[in-house]
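Residue strings, one per chain:
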Amino acid sequence: MKASALRRWAIQAALLLAVGGLFALAIANARANLLARGIPTSFAFLNQVAGFSLNQSVIPFTPLSSYGRALLVGLLNTLMVSALAGALATFIGFAAGFARLSRNWALARLAGLYVETIRNLPLLLQILFWYVAILSPLPAPEHAHQFAGFFLSNRGLTMPALSFAQGWPAIDWPFFDPSVNRFNVEGGLRLPPEACALILALALYTGSYIAEIVRAGVQAVPRGQSEAAAALGLSAAQARRLVIRPQAMRVITPPLISQYLALTKNSSLAAFVGFADLMQVSGTILNQTGAALQVIAIDMALYLSLSLATLALMRLYERRLRWGGRG
Amino acid sequence: MKRNCFGGLPRPLALGFAFGLVLFGAAARGDTLDDVRRRGFLACGVNTGLAGFGLPDDRGTWRGFDIDYCRAVAATIFDDPDKVKFIPLSGKDRFTALQSGEVDMLSRNTTWTQSREAGQGLLFAGINYFDGQGFLVRKSLGLDSALKLNGASICAQQGTTTELNLADYFRAHGLKAETVVFSTSDEAIKAYDSGRCDAYTTDGSALYPQRLKLTQPDDHIVLADTISKEPFGPVVRQGDDRWFNLVKWTHFALLDAEELGANSQNLAAMRQSDNPEIRRLLGVEGDYGAGLGLTPDWAARIVKAVGNYGEIFERNLGAGSPLKIPRGRNALWREGGLQYAPPVR
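Going down the list, the protein sequences come from chains A and B.
When the letters of the first sequence are read in order and numbered with this note's numbering, they come out as residues 1 to 327.
When the letters of the second sequence are read in order and numbered with this note's numbering, they come out as residues 1 to 345.
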């Protein structure tokens, strides 16, 4: 090994050691400080009984479940909201992006109005707006709007669900019967208004950014490309599918990934409308146990893993888009 | 770690700094009283807004039962009840703010529980209000008991004992309920008002003022059921006994003053009293302030500034307020209540 290479290695190793040492020092110091203040420092609280209930959970959760399970419920709720809002945002974003490029004047202006309005309003304001906007006009459960087994009321959207309660698959139809429960629709799967407002606001907000990314991506493909496609005898639809789209997608994908990452992180505003996402559940746990540093460390690790997982998935997709020596 | 108050910084930033200090600061324990004196004001964590307990009036001056406790502590230290900075904290933020040193004490209807003292490094300096949790429902439901809320949706504030009591109560009676929790009580009561929930639950003392925030207060009633014990009191950090004593004895001085008949109006006359208990309390005889790091007239300063316990109660919650809450369990022990303070001697 050459002397210069050796020196480079030595510098790298020293830097790594210094950063590692700083971390170790910080952790040891925090432990000492917290212990001195009588604040718990272990992660043992995760196995303790939570004692509170959560109004939205995709896995069984009762007040007798542990804090650890409550965190898992929060994480799954964050994932569910992010996935649903992400899918919806992609649809809205691509539709609005193409609409802005449309030769139809009214359609293009309408899409422009949507993008410029939504993009320039704070997300929290929009979430609170949709929560009130969804909640206010909806009737109480006994007067719920009913359609094909779906119940829409101010308690949310209840839909028929697949149930394995009897051991075999069956459809669990929602119903309202005051003799069973005079307050709420029973059975089925329920999306509470908090989740609806959050998904809608996140999808519309992120969609407005995606629309701009899509527009920029399509416009980034040189005009000559569509002219060349036409000269080769491809129809307009063929040119879009075979020439424009592959090139546009390569421009669109990287900023699109950032939008999905931002959406997942933005879903942490759920606490403001009472939706039990990771941040909200953590807030409760933090307050009940006093284990602030541990809970925040877990949250950071989880959000980071979520973002890195999204990134890895999208990189895979991005690689598929590359071909030849380009990209 | 330095116990400074991060002035006008936004709370997330201040908490971030506090965490930074926990990570990298030295574990040296500051003396809260010295810090407060050096800073020139008391940093008091209060409710984000609860009529009667802590709410800014139309001129922006904080008023309420809990507010007067902050003022009493400031009065005994500085002889000036206005040397307080009120820092509004939600149920979820309050303990972190106290632990990190952002506030010197909490005075915001916080329930004394075992785990908060044994597990979270906090100390409750006495019980200044005995409360219990109740329910607010629509009259149209025709309910006479909380036990008939089976299957209902119930709005509550996040990170409170309320949330836990609710789950306990329904579990104990084999009932189920959907709990919808919000980070502040304002958001929770708004959601209840909009029809999201069939009931709103919180401490009894808060149900009455919050009912007045509804669009049609007369369409709602408070159920008679009380489902928990909610003893409220001021809270301090563990590890500073002198400061703990100071806050605790501020509360006791307020009670002793009421019991001995000393109030903000008759203080000068009371100083001339021959009653040795009154003379000791007001600092005419002996020096009972030194051990708390205070002057001999420490208790007289409190009574001069905010009155005695009874005056604080009547002004903010009782007959002199729109809430008209009866003294009940919060009457002095001699009058059939639970309020009892050790003597100054």
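Since the hints were made in silico from the structure, they are not lab data.
All residues carry an ideal CB built from backbone N, CA and C; glycine is no exception.
There could be a bad hint or two in this list.
[Said to hold, decoys possible] Listed below are the simulated SDA-like cross-link pairs for lysine to any residue, each with C-alpha atoms no more than 20 angstroms apart in a straight line:
(1) B:176 / A:165
(2) B:139 / A:139
(3) B:190 / A:139
(4) B:139 / A:143
(5) B:148 / A:181
(6) B:229 / B:304
(7) B:139 / B:252
(8) B:304 / B:252
(9) B:83 / B:55
(10) B:139 / A:140
(11) B:92 / A:124
(12) B:190 / B:219
[Said to hold, decoys possible] Simulated restraints, written as ranges between beta carbons of each label pair:
(13) B:215 / A:304: 42 to 48 angstroms
(14) A:28 / B:279: 49 to 55 angstroms
(15) B:39 / A:12: 44 to 50 angstroms
(16) A:132 / B:173: 32 to 38 angstroms
(17) A:16 / B:39: 54 to 60 angstroms
Here is how each hint holds up against the structure:
1. The straight-line distance between the Cα atoms of residue 176 of chain B and residue 165 of chain A is roughly 19 angstroms, inside the 20 angstroms bound, and the hint therefore holds.
2. Under the criterion of a C-alpha separation no larger than 20 angstroms, the hint pairing residue 139 of chain B with residue 139 of chain A is consistent with the structure, at around 18 angstroms.
3. In summary, the hint linking residue 190 of chain B to residue 139 of chain A is supported, as the alpha carbons are separated by about 16 angstroms, within the 20 angstroms threshold.
4. Restraint check for residue 139 of chain B and residue 143 of chain A: satisfied, since their Cα atoms lie roughly 18 angstroms apart, inside the 20 angstroms limit.
5. Pair hint residue 148 of chain B plus residue 181 of chain A holds up; C-alpha atoms about 10 angstroms apart against a cutoff of 20 angstroms.
6. Distance hint between residue 229 of chain B and residue 304 of chain B is unfulfilled; the C-alpha atoms sit about 32 angstroms from each other, more than 20 angstroms.
7. Between residue 139 of chain B and residue 252 of chain B the CA atoms are separated by roughly 41 angstroms; this puts the pair beyond 20 angstroms, and the hint is violated.
8. Restraint check for residue 304 of chain B and residue 252 of chain B: satisfied, since their Cα atoms lie roughly 15 angstroms apart, inside the 20 angstroms limit.
9. At roughly 17 angstroms between alpha-carbon atoms, residue 83 of chain B and residue 55 of chain B fall within 20 angstroms of each other, so this suggested pair holds.
10. Proposed proximity of residue 139 of chain B and residue 140 of chain A is supported: the alpha carbons are some 15 angstroms apart, at most 20 angstroms.
11. Restraint check for residue 92 of chain B and residue 124 of chain A: the C-alpha separation of about 19 angstroms stays at or below 20 angstroms, so the hint holds.
12. Under the criterion of a C-alpha separation no larger than 20 angstroms, the hint pairing residue 190 of chain B with residue 219 of chain B is consistent with the structure, at around 15 angstroms.
13. At roughly 44 angstroms, the beta carbons of residue 215 of chain B and residue 304 of chain A sit within the given window of 42 to 48 angstroms.
14. Between residue 28 of chain A and residue 279 of chain B the Cβ separation comes to about 54 angstroms, which falls inside the hinted range of 49 to 55 angstroms.
15. Restraint check, residue 39 of chain B to residue 12 of chain A: a C-beta distance of roughly 46 angstroms satisfies the suggested window 44 to 50 angstroms.
16. At roughly 33 angstroms, the beta-carbon separation of residue 132 of chain A and residue 173 of chain B lies within the given 32 to 38 angstroms, and the hint holds.
17. At about 42 angstroms, the CB distance of residue 16 of chain A to residue 39 of chain B disagrees with the hint of 54 to 60 angstroms.
Hints 6, 7, 17, counting from the list given before, are not met by this structure.
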